[in-house]
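Chain A is already provided as a structure; the job is to place chain B on it using the hints.
Number of protein chains: 2
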Amino acid sequence: MKALGRQILVEYYDCDVNAINDVDFVERVLLDGTKNAKATVISHNFHKFSPHGVSGTVVIAESHVAIHTWPEYGYAAVDIFTCGETIDPWVIQEYLKENFKSSNVSSMELKRGLFKVGPGEELLFKPKENAELSFYK
Amino acid sequence: MKALGRQILVEYYDCDVNAINDVDFVERVLLDGTKNAKATVISHNFHKFSPHGVSGTVVIAESHVAIHTWPEYGYAAVDIFTCGETIDPWVIQEYLKENFKSSNVSSMELKRGLFKVGPGEELLFKPKENAELSFYK
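Chains as they are written, first to last, in my numbering: chain A, 18 to 154; chain B, 18 to 154.
So that you can see chain A by itself, here it is in the shape it has in the complex (with noise of 0.2 Å):
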């Protein structure tokens, strides 16, 4: 079995609270940690909510980063999904942990989409180019 992706589910405890509630600062970190990691940005948006906590997404050309943030809590639940073997996902989980300084990180590592493949077969995450949608019927 192969997978098409891999994602991380990521529980930032004991954050500081004023980082988490920027919506702006939050949204750098999420750019700048994809960034880092050599993903390609499709689109963001991001969303202060009344009266704290921010909530966004980060679209990238090898799949998302979510975000959802609980400054009354110090908490924020994110979310790290990744397809191909040029990204590093544990890259963005370790940029976002230094830039809200949370001191209480658990993460939990999953393969999306499994597969069987035969032998010299390949699981391509990103189709060619010229590939026609009949072709795999």
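There may be inaccurate statements among the hints.
The list makes no distinction among identical chains, and a pair is therefore deemed to hold if it is satisfied within one copy or across any two copies.
Stated by the list, open to error - Here are the simulated EDC-like cross-link-like pairs (lysine to aspartate or glutamate), alpha carbons at most 16 Å apart as the crow flies: (1) 133 <-> 31; (2) 65 <-> 44; (3) 52 <-> 105; (4) 55 <-> 146; (5) 65 <-> 41; (6) 143 <-> 41; (7) 52 <-> 89; (8) 65 <-> 115; (9) 65 <-> 111; (10) 133 <-> 102; (11) 65 <-> 146; (12) 55 <-> 111; (13) 145 <-> 89; (14) 143 <-> 102; (15) 19 <-> 39.
Please keep in mind that the hints were generated in silico from the structure rather than gathered at the bench.
For chain B alone, kept in the frame of chain A given last:
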């Protein structure tokens, strides 16, 4: 221990290839699915890849739904992250299954943001309107 949120990771295998390659259809299904579950949509972003494949996120007041599709493998990876008692993420999961005509679904539910709470204490996923952040520190 109580949790701030629930997350369902869904692997939709053996989907209708044309359905999961149609960015407008995928977007409508995710929006309708979240609305059916009484979620409050805050923003949504969907992208079509060349030569095929769709990625998208729906940020809801209660967290998010994200999708990545690989029509060439008949596969869609979906995350459904919800908070609060009013939304059932499985309603969304079921709606997507029907619309993508997936005949092989694998799902896993996880709890996000675990905290110890004392007797009679509440874990509020949404802060009270006038709550001051300094109150929590």
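In ascending order, which of the hints set out earlier in this document are inconsistent with the structure? When the structure is compared with the hints, numbers 4, 6, 7, 8, 9, 10 and 15 turn out to be violated.
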